Each structure stands twice: as structure tokens, then as C-alpha cells.
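One line per chain: the protein sequences are E and P, in this order. In terms of the numbering used here, the first sequence opens at residue 1 and continues consecutively. In terms of the numbering used here, the second sequence opens at residue 318 and continues consecutively.
Hints are not guaranteed to be accurate.
Claimed, not checked - Some chain E residues near chain P, calculated using beta-carbon distances under 10 Å:
| no. | residue |
| --- | --- |
| 1 | Met1 |
| 2 | Ser3 |
| 3 | Pro7 |
| 4 | Ser16 |
| 5 | Ala17 |
| 6 | Val39 |
| 7 | His41 |
| 8 | Thr70 |
| 9 | Leu80 |
| 10 | Glu93 |
| 11 | Met100 |
| 12 | Pro266 |
| 13 | Thr270 |
| 14 | Ala311 |
| 15 | Trp312 |
It is worth saying that the hints were derived from the structure and are not from the lab. Computed from a prediction, not measured in an experiment: that's the story for all the values here. Ideal Cβ positions, reconstructed from N, Cα and C, are used throughout, including at glycine.
2 protein chains.
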Amino acid sequence: MISLTRPEIEALIDLSAAATAIEDAYRAASSGRIRLPPVGHITFPDHDADCHIKYGHMQGDSTFVIKVATGFPHNGKHDLPSGNGIVLVMSAETGAVKAMLHDEMVLTDVRTGLGGAIASRALARTDSKDALIVGTGPQARRQIEAHATLLPGLSFRVWGRDTDKVAQLVRDMSHVCDVTPVSDLKTATRNADVIVTATGSSAPLLMSDWVDAGTHITAVGADAPGKQELDVALVARADLLAVDLASQCLDHGEVCHAAQLGLIRPDDVTEIGTLLQTPERGRNDERQITIADLTGLAAQDIAMANAVLTAWRGQNL
Amino acid sequence: MISLTRPEIEALIDLSAAATAIEDAYRAASSGRIRLPPVGHITFPDHDADCHIKYGHMQGDSTFVIKVATGFPHNGKHDLPSGNGIVLVMSAETGAVKAMLHDEMVLTDVRTGLGGAIASRALARTDSKDALIVGTGPQARRQIEAHATLLPGLSFRVWGRDTDKVAQLVRDMSHVCDVTPVSDLKTATRNADVIVTATGSSAPLLMSDWVDAGTHITAVGADAPGKQELDVALVARADLLAVDLASQCLDHGEVCHAAQLGLIRPDDVTEIGTLLQTPERGRNDERQITIADLTGLAAQDIAMANAVLTAWRGQNL
């Protein structure tokens, strides 16, 4: 059994290779080439905490993957990260445990960042230059890192409620790319080609009438019931609504709020995997507003685990 | 993180301590002191194989447990065990992974054996001397080992379809206790105080009119749809039907067949945890026929993991 720690896993991650694997996983998920049973879930009400178990098997793969991810939001009080977890890679031919990736959430963080950048690359105008990042947490950083890798022409501005956290993010990310702080979200929204929302917000942050024609928005914050980053009018107004998994996003993603109000219909959303397979269903006008709503898929976790193990084998076999 | 291999885990298992922990887990499961979400499941049809993910949290425990168990029945062709797996012990206070028990199924095998012996001890006549084991596989051996530990007055006879396998089991188990082979199941049934069925049978092996008054039967083979070891008339005739989890046993355990035929009602079954808490609901006549139907509980897996880690801490801290 291969057993890797977080630092070992981090050293094996190649963002471009992982992005290719995740794009394939999106296509597989949308074309039925991957089996994804219902996500397991257990809560710890005393800590407002929970644990998700995501697992699945990509047709033809010799392995399947089980990801255990915990979210304990009050861990910060004890200077511990709120997210944690482990990824098991199991043989789909014998049932043996092939690898244990004790990633402590880094694979989830990276794949969520890459999922956002893949969606932006698929839907934003090809002449996009200005990216606005809404949020200052770990996932905002991952989105900048992934967007800088997959859309190298972008420059980044960052907005957050807490200006100290914005300044800290700008300092932390200066080695990756140019990031400048902005203080007024409404003005910044007007001037953005690509907007990425990566907050834990439970109320809309981005209003419809702030958004210009031609803008692409990738929303990754709403991944559980009760979370929302976008004005429902903006979701209703979008020319194209992309989702990572329709059933999941309509249940508890960003688009669920507009769907519950009857402002959009279930068949108004298109899966990213479908758009990657049939690009002609994507943006076809530079004035369209496009939105990608991402809730996270076990297919991405499978892709990340495979990418890490491929890199490990390249170095060790 | 504590990481233990199968040999390390085997060396830490104390059957009596584990039995005490499992009895407590049964009581917890039957009194609502443990949360057991629905079992996760994924199949691998090309190999007639599957993987179960059982998990849960015992009220007040600082940890919760996730067990991944695979069953690949054709592994024997490649001289590999059909069962495999891993147990993760996670902090219920921070979400961190506390221990990884790469037990390769040994914890499941042992807890299933102990579950059987706990049920027999709770329900068999206290003067029971003669135990008949039906089956010659790994679980038949675990049942002998557990019964010899928890009911030290028993002697064992073994029946199986394949006399070579019976002879091999008798040789293998001679270091644990006296085990003698029997060739006629009907005659052997007549003379048994305790019968344990531990086969993968999909059709009844034990007929009702072979069974004398006063016999206790523990049936552990039927743990999935399509499996059956006991004549439905025997289940219907029993004076007491015990189960490890009513919802599970009525769905796919031994008692489900009689229930589907309307020979028993759902409230004819009593959970082992309830019997352990209220022994007066157990056997109260030496002529009663009692049956225990066991399908396996995440509560047992939690108990086993805790018992192993307690032993590890005793040796290492």
C-alpha cells in the first residue's frame, strides 16, 4: 500500500496535469461513464460540524476512490484548519487498499480551485483580462492559483469584507501573480471580465444590476443548503447557466434559490461535462452573461487521486 | 496519526475485552445512543463484487469510525482473500484522522464471531454443552474461537458439505478447543444445544423438524439479499427471534424470508441490545427454541476499533 502525507502529496501535484484529469472526469460524470453513489453524511451538532464521504468508480479504471472530508468550522479557535480528510484508492479488481492519501483536505482545495478555473476557461470571453475574486479565504487563494495557471492572460483584483484579510491575501499571493485589492465591490464588478465568488456567504453578495453584459461568473461558495452568493435575479438573467452536477446544484448549489422561486427551470442548466464535450453549447456571443455553479464532485476527487498516483509512479517506479 | 497493519492489529485484539465493548455497542444501538447513517454501497458487476462503507458515532465518544469493507468472491482464483478493507478512526471534535487500521477484514471477522457468541451466551440454555457449527470457512473458525472464549463449557462438532474442508478446519482449530467432524447434519442437529450457521448458503440448510425443543441457533450467514440458512418454518416456530438490527434483518437477514411470507410480523423480533438491557425478555424456559439473526452493525466496528486503540494506548503511552 502506498501511503502519502500532505507534504508528499503537495509536492506531487501538477496543476496542469490535474486540470486535464478533472476535465475528463467532468465529461465522464455527464456522460454516465462514472458511477457516483449518493454521498454519505454524518453530523456533529455540538460542533456545527459534519463529515462527507464521496466515492465512485470511473468506467474502465482499475481503481475506485473513497474520499472522507470533515468540516469543523470552529477549529480556528484552536488554530486548527476547519477542513480535514483522507482519500483511499482501492482496487476495483480485488478490493485491496492500494493507496492512502492523507491529504488533510489539500486535494479537495486544489480540485475545487481547478474546477473553477476549468469552468471559467470554458465560458469566459477569450479576450478576458480582468478577474475579480470575491473572498479572502483558502479557496479564494486556490481560485487565483488555478485561474493564473489555466488562464495566464488574467490579472486579479480581490474584494473581501475584511480589508486586513484582503491585504494579507495580496501579500501571500504576490509570488504567484499580480493581485490588487479593491474596496468597492459594486465598482469592481462593473470592470470585471471574470468574477469568482468563493465565500461562505448565506446571503447574496453580487447584485444583478452591477453586472455588465459579457461577464462570466464562477460561483463556488454555495456547496450546501443555506449558502448563497449571487442575487437570484442575476441567476435568472444569465444567458447560460453551467453546473458541475445538475441534481446536486438544483438541490443545494447556487442555482437552487432561483429554481425554488420558479425563476429558472431544471432544464435551464447545462453540465460542465456536456459543455466540454460540445463546446458549441457554450458561449456564442461576447455580450452573454454566463454563470458556472460548482458544488464539487467525487469525479474530481477520483481525478485528483489518480493524477497524484500517476506522478508518484513516475518518480518511484 | 496512528497507523496499524493487520499483524499489529491481530496482536492487540483481546477477545474478552472486545466482547464487552461489542455488548455495550449493541445496547447503544438499540437505545438510540449511537448514530448509524445508511450504509454506503458500490458494486463491481464484472467481478460480482462490492464495497460497503459503514460508519457511525457513539454518543459521547471523542471519535467516530468509518469502515470500508470489500467483497470480491472470485479472489480465491488468485489466492487472495475475498474480504478486504480498512477502518478509519476520526476525531468527533476536530475532524482529524486519528487512526488508520489497515486490518484487511480481520476486525470484521472477529466482531462477527464475537457477535455470534454474545447472542448465543444471551439466549442458549445455561447448561448448554454441545455446539454444532455449520460451515467450514473463515467465519466458522471465528465462531468457534469466540464461542470457546465466551462459553467455555462448550464442545464443538462441525458439519460442512465438503468433508476435506471439515477435516482441515478440525486440524486448524485443534489448538483452540476440541472440535470433531460430523457427516450427517440431521442427526447432529438433534444432539446440539447450540447451533451456529456460518455459510454463504442461498437455500435453507437447517430444517425445522430436525430441531429439538431447547435448542438455540445463531445464524450469521445471511447478511445480504438472497442468502438463507434456516427453514422458514423453523423461524416461524421459534419462541424467541433475536436480531442485531431489526430494520436490517427484516430487510435482508435470515428473518426476512419468513417475514416476506407473512409467517412472522416485524414486532416478533427483538434486538440483541434490548435483550442485553432487559434479560427478562430473553429465554425463560429450557424448552424454548431461540434464534439469533445477525447481519453486522457499524456499532460493532466502532467497538472493535476502540478496543484495539485502547490496547494500543495501554502498550504505547
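Results of checking the hints against the structure:
Checking E/Met1 against chain P: minimum C-beta separation of about 7 Å stays under 10 Å; hint holds. Interface restraint check: E/Ser3 against chain P, minimum CB-CB distance 7 Å, threshold 10 Å, status holds. Taking 10 Å as the C-beta contact cut-off toward chain P, the hint placing E/Pro7 at the interface is violated, the least distance being around 14 Å. With a cut of 10 Å, the hint placing E/Ser16 at the interface with chain P is violated, because the nearest CB-to-CB distance is about 29 Å.
The interface hint given for E/Ala17 is broken, as the beta carbon of that residue sits about 26 Å from the closest beta carbon of chain P, more than 10 Å. Given the 10 Å rule on beta carbons, the hint for E/Val39 holds: about 9 Å separates it from the nearest Cβ of chain P. For E/His41, the suggested interface contact is upheld, since its CB lies about 7 Å from the closest CB of chain P, less than 10 Å. Nearest Cβ of chain P to the Cβ of E/Thr70: about 3 Å, under the 10 Å cut. The hint holds.
Evaluation of the E/Leu80 hint against chain P yields a held restraint, the C-beta minimum of about 6 Å falling below 10 Å. At about 7 Å, the closest approach between the beta carbon of E/Glu93 and any beta carbon in chain P falls short of 10 Å, and the interface hint on this residue holds. The closest approach between the C-beta of E/Met100 and any C-beta of chain P is roughly 6 Å, which is under the 10 Å cut-off, so the hint is satisfied. Interface restraint check: E/Pro266 against chain P, minimum CB-CB distance 25 Å, threshold 10 Å, status violated.
About 27 Å separates the beta-carbon of E/Thr270 from the nearest beta-carbon of chain P, more than 10 Å, and the hint is not met. Taken as an interface hint, E/Ala311 does not check out: its beta carbon lies about 22 Å from the nearest beta carbon of chain P, beyond 10 Å. At a threshold of 10 Å, the smallest CB-CB gap from E/Trp312 to chain P is about 18 Å, leaving the interface hint violated.
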